[in-house]
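Undergrad: Assembly of the complex is requested from the two constituent chains, each provided in isolation within its own frame, with the hints serving as guidance.
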Amino acid sequence: MSPILRMENLTVKLGGRVIIENINLRINRQEIVAIVGPNGGGKTTLIKTALGLITPTEGTVEILGTTPEKAIKTGKIGYLPQKTDIPRNFPFSVLDVVLLGLVNSGLSRKEKLEKAKKYLSYVGMGGLEDHPYGRLSGGQQQRVSIARVLVSDPEIIFLDEPSTGIDVVAQESFYDFLKKLRDEKGITVVMVSHDIGVVGKFVDKVAGLNRFLHYYGHPRDFFQRHVLEKLYGTDVELIIHSPECVACEHFHSDFRK
Amino acid sequence: MAELLEIPFVQNALIGGVILAVLLSVLSLFIYLKNWSFINVGISHAAFGGLAVGFYLGLSPTVFGIIFAVATGLLIGYISRKGDIHEDISIGILFSMSMAFGVIVITLSPNYNTDLFTFLFGNILTISKGDIILLGGFSVFALGFIAAFFNKIMYCCYNEEVAYVSGINTPFYYYSLITIIAIATVLSVKLVGVILASAMMILPAAMANQIFWHYRKILVFSVFFSILMVVAGIFISFQYDLPSGATIVLLYSALFSISVLTKKLIGKAG
Ligand SMILES: Nc1ncnc2c1ncn2[C@@H]1O[C@H](COP(=O)(O)OP(=O)(O)O)[C@@H](O)[C@H]1O
Ligand SMILES: [Mg+2]
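Taken in order, these protein sequences are the chains called G and P. The opening position of the first sequence corresponds to residue 1 in the numbering used here, with each subsequent residue numbered one higher. The opening position of the second sequence corresponds to residue 258 in the numbering used here, with each subsequent residue numbered one higher.
So here's chain P without its partners, still in its complex pose (with noise of 0.2 angstroms):
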């Protein structure tokens, strides 16, 4: 283990995944909060269409990652919003669209083994110093914007239309909110894949939930165990050789199931 942290790629995959680790956990407070699930699902399809667009044009396909899935999270939020179609269905028929036309975008380029695998689920090995810099810039942004307005971001979590009643400019929160999910979605791409990104802003809050009730209480857990779940799973997935995103995120989902069954045997007994 020792000798692993002294591998470079290593230590930028380790540094990478903590910066991750503590955005998307974050994150997850409001998705969970705000029920956002299906969004977020719909968001990360709509990233590896992006993301195969730009690769297939041979182009960044970060920049098209992040313009695909913050006009899909936008049109989704927008639609919600509005609740003139049925917003599942909506949603559905959107994302299920933009990952169709990743696959096939993908098919056609040569190499498309690899890389199709490697938008789905991620591959640490390839995370750059660029990428984190890249990374750590926006989660610094990020993670700004919520805490200079948090209070009335969580006014907004609480109920909308009192929110906005008293004054509180709620469609700016949630665009904003929609937009930050989107990015950081796509920047999850190298770690755990933009399919597994979703489930690491969904599990950290829901399980957190099942231990404390309080949203601070939530925050510091969520974080916490995001960070040791990442660590764990980079060595894991270095020592076996398995794959990082699909064991970090087999992690997250194990240690959802203890906490879920260990409320339900400590809710039985008291």
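Okay, chain G solo, but in the shape it has when bound (with noise of 0.2 angstroms):
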């Protein structure tokens, strides 16, 4: 089967500085796909280059089988970007953040109101319709944002730290949604994450991007010290000590190895 998204000997500049290099990179359809590493490593800029937000200085992208800008106008790209501060009198309520996932579907005003509360009841936040969405906890917000990425039955999602503003226990339960989501719905999910230890648990693929894809692959080969060295470098010990990382129990019997 052809990869949903491929990357070939892609480089980008942005300001004159070479900010990802010489990506190689495919996902199959159905796989979740965590993208991790350092703060200002790339991911964002990755993922924005996926979805033709930002042009590749060198290489190409190909997304559901031809270039990002045909491929968004099937409708079948979610995105949820990096969160930024939404201020609290934003005029937007709960539904109307979710219709505007359905924008370009095509369906009737009841159809889309019925979809928008279904969707808003999958992720948990229904009977809030029609509450202030800048009024919403940093979460909640992004439960919200993920049913309006959903509500368009995308083929495949692409979340900017998805899990920023959720608390590390409901973190697990995130996870194991966006299983739900693969399983059920056989939507690919490419996300970006902080948080290596939990990701290790759930995800079909660990991408480790700094500057460079330093590893591609299962997460069981990823938690190993030269792998994280080169990703992290010096700071590698302060990442696998951190307080995020819930699941290192396999992490460090692979070092004590």
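Note that these hints are calculated values from the structure, not bench results. Just so it is clear, the structure is predicted and the values come from calculations on it, not from any experiment. Fair warning: there could be bad hints in the mix.
Claimed, not checked - Mimicking BS3-like on lysine-lysine, the simulated pairs with C-alpha atoms at most 27 angstroms apart in a straight line are:
#1 K73/G to K520/P
#2 K115/G to K520/P
#3 K118/G to K409/P
#4 K73/G to K386/P
#5 K409/P to K117/G
#6 K117/G to K474/P
#7 K291/P to K73/G
#8 K205/G to K83/G
#9 K474/P to K112/G
#10 K409/P to K76/G
#11 K13/G to K115/G
#12 K112/G to K291/P
#13 K115/G to K474/P
#14 K112/G to K409/P
#15 K83/G to K339/P
#16 K13/G to K339/P
#17 K118/G to K474/P
#18 K83/G to K115/G
#19 K409/P to K110/G
#20 K291/P to K83/G
#21 K474/P to K520/P
#22 K70/G to K339/P
#23 K409/P to K83/G
#24 K70/G to K409/P
#25 K117/G to K179/G
#26 K70/G to K13/G
#27 K110/G to K474/P
#28 K115/G to K180/G
#29 K117/G to K13/G
#30 K110/G to K83/G
What the hints assert, rightly or not - From the structure, some residues in chain P lie toward chain G, with a derived Cβ separation under 7 angstroms:
#31 Y415
#32 N466
#33 Y472
#34 F495
Just so it is clear, CB atoms sit at the ideal spot from N, CA and C, and this is done for glycine as well.
TA: Given below as structure tokens:
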């Protein structure tokens, strides 16, 4: 089967600086892929390039079998950007935000409302339809945005740090939720994450990015000192011993070997 | 007051004023959501330059005003989208240049005193039937465009990159809105002048959002209070022989201050 996303010899320069370099990546359908790496490593840039929001300096991107410019017109791509601060008096209701995902759907007003409400319950936000979006907590806003992403029935979704604002306990169920999406709806998930420990337990593939794609493959082989050192440099100790590294059991045992 | 209503130019002023109040307050929602007040101020200064050139050449100031305003608006829009130069600096340079140019051109022409003042701050007495037809026609077109594509435009206001990935032609809506704002600015010249037009496009939605959070209510409230302020401003300016544009904008600002203060007080109490 041909990959749903393919990057070949991809290099992106921004403001005269090389941000990501010579990336070769293939993501298959119905995979959950986590892009991890240090801050400023180019994770957001990689996602934006896949979506056609950034034009590569060199190399090619193929998504859904075509160029990003053509692929977005199909409406089959979902995108949750990295969280920005939303003012408390932001003039959209929770329902408005989800309805945005149906702007191009061609459904009637009534069908749109039904579908939007269904997806709000799906992410556990049912009953809050008329609530001001700006007054929700960070985690609740992320969930509403995920309903906005899913309501358009995408084939592939890009989530840039979706767990920001979701506490560590809720994160586990969030990843179970992503697995459910993959298994029930056949969605491909590409997500950026900071918490490498948690991610290691749940995803099908890990992409370790710090300007170069230092690692791409099964999470099992990701947790090796030489891989992590390449990715995080001298910060590696910090990462391993951070409180976020919840799933570091298998990780530490690898180290002892 | 009743006898004022029978004077034809007062009637024209009121009709023109109400149309403009509706148009500018609807636009204010998008300017507010997109944080475009700086683009808007830039456009109004450039419009002044264009009006001056048209006036000096003895050709239509409106046409030249529109050309300058649209060109500047699109250029500012382009620069801030590409984000290469810091946008505030580039916009500042652009509109100061156009404004300074306009002042020099106007100074070179005879009779410059009155015309400079009119372009900057408006003179409601000079609104003609022709002006009203032009303004009315454009408003129908502009509001029709916004109504037809409302959901897509709102998606762009929510988050342009997300809208783009959903297949919305975001550059089209972005540049269309800027063009509409630029033309509306020039068509405001007789009522409030190009400089104060930007206040009528910034204050209504900002004020409404102090009181209401939902955009539908913001829209309704903005339109309602703009009409009220413009009609009141026109009557007050006739009654006390004050400049109409400045009177209207003072009323807007007063109401804005009251709404902010009220919100602060209520916020403290509750
Ligand atoms: N438009 C831009 N112009 C110049 N540099 C940029 C631009 N956008 C991002 N960068 C730089 O690219 C690097 C990678 O950014 P990003 O992709 O956001 O990293 P990450 O998401 O991994 O934290 C950062 O150093 C950032 O400063
Ligand atoms: Mg990022």
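Undergrad: Now, for every hint given, state plainly whether the structure supports it.
TA: Hint check:
The hinted pair formed by K73/G and K520/P fails the criterion: a straight-line CA distance of about 43 angstroms is larger than 27 angstroms. Using a Cα cut-off of 27 angstroms, the hinted pair K115/G and K520/P is violated, with the two alpha carbons roughly 36 angstroms apart. Restraint check for K118/G and K409/P: satisfied, since their Cα atoms lie roughly 22 angstroms apart, inside the 27 angstroms limit. Taken as a hint, the K73/G and K386/P pair is broken in the structure, with Cα atoms around 46 angstroms apart against an allowance of 27 angstroms.
With a C-alpha separation of about 20 angstroms, the suggested pair K409/P and K117/G falls inside the 27 angstroms cut-off, and the hint holds. Distance hint between K117/G and K474/P is fulfilled; the C-alpha atoms sit about 22 angstroms from each other, no more than 27 angstroms. Taking the CA atoms of K291/P and K73/G, the gap is near 24 angstroms; set against the 27 angstroms cutoff, the hint holds. For the suggested pair K205/G and K83/G, the alpha carbons sit about 23 angstroms apart, so the restraint of at most 27 angstroms is met.
In summary, the hint linking K474/P to K112/G is supported, as the alpha carbons are separated by about 22 angstroms, within the 27 angstroms threshold. Proximity of K409/P to K76/G is assessed by CA-CA distance (about 17 angstroms); at most 27 angstroms being required, the pair is judged to hold. Using a Cα cut-off of 27 angstroms, the hinted pair K13/G and K115/G is violated, with the two alpha carbons roughly 41 angstroms apart. Distance hint between K112/G and K291/P is fulfilled; the C-alpha atoms sit about 26 angstroms from each other, no more than 27 angstroms.
Proposed proximity of K115/G and K474/P is supported: the alpha carbons are some 24 angstroms apart, at most 27 angstroms. Of the supplied pair hints, the one linking K112/G and K409/P holds, its CA atoms being roughly 15 angstroms apart against a limit of 27 angstroms. The straight-line distance between the Cα atoms of K83/G and K339/P is roughly 21 angstroms, inside the 27 angstroms bound, and the hint therefore holds. Distance restraint check for K13/G and K339/P: the Cα-Cα separation of roughly 14 angstroms lies within the 27 angstroms cut-off, and the hinted pair is therefore satisfied.
Our distance criterion of 27 angstroms between C-alpha atoms is met by K118/G and K474/P, whose separation comes to about 26 angstroms. With a CA separation close to 24 angstroms, the supplied pair K83/G and K115/G stays within the 27 angstroms bound. Under the criterion of a C-alpha separation no larger than 27 angstroms, the hint pairing K409/P with K110/G is consistent with the structure, at around 18 angstroms. Using a Cα cut-off of 27 angstroms, the hinted pair K291/P and K83/G holds, with the two alpha carbons roughly 17 angstroms apart.
Distance hint between K474/P and K520/P is fulfilled; the C-alpha atoms sit about 16 angstroms from each other, no more than 27 angstroms. At roughly 22 angstroms between alpha-carbon atoms, K70/G and K339/P fall within 27 angstroms of each other, so this suggested pair holds. Only pairs whose Cα atoms come within 27 angstroms are accepted, and K409/P paired with K83/G is accepted, the gap being roughly 22 angstroms. At roughly 19 angstroms between alpha-carbon atoms, K70/G and K409/P fall within 27 angstroms of each other, so this suggested pair holds.
Restraint check: the Cα-Cα separation between K117/G and K179/G comes to about 22 angstroms, which is no more than 27 angstroms; the hinted pair holds. For the hint linking K70/G to K13/G, the alpha-carbon distance of about 23 angstroms falls within 27 angstroms, and the restraint holds. Straight-line distance between C-alpha atoms of K110/G and K474/P comes to about 22 angstroms, which keeps the hinted pair within the 27 angstroms bound. The suggested pairing of K115/G with K180/G holds, with an alpha-carbon distance near 19 angstroms, which does not exceed 27 angstroms.
The straight-line distance between the Cα atoms of K117/G and K13/G is roughly 42 angstroms, outside the 27 angstroms bound, and the hint therefore fails. With a C-alpha separation of about 30 angstroms, the suggested pair K110/G and K83/G falls outside the 27 angstroms cut-off, and the hint is violated. Of the supplied interface hints, the one on Y415/P holds, with its beta-carbon coming within about 6 angstroms of a beta-carbon of chain G, less than 7 angstroms. A cut of 7 angstroms between beta carbons decides the hint on N466/P: the least distance to chain G is about 5 angstroms, and the hint holds.
A distance limit of 7 angstroms between C-beta atoms decides the matter here; for Y472/P the minimum to chain G is near 4 angstroms, and the interface restraint holds. With its C-beta approaching chain G no nearer than about 36 angstroms, F495/P sits outside the 7 angstroms limit, and its interface hint is violated.
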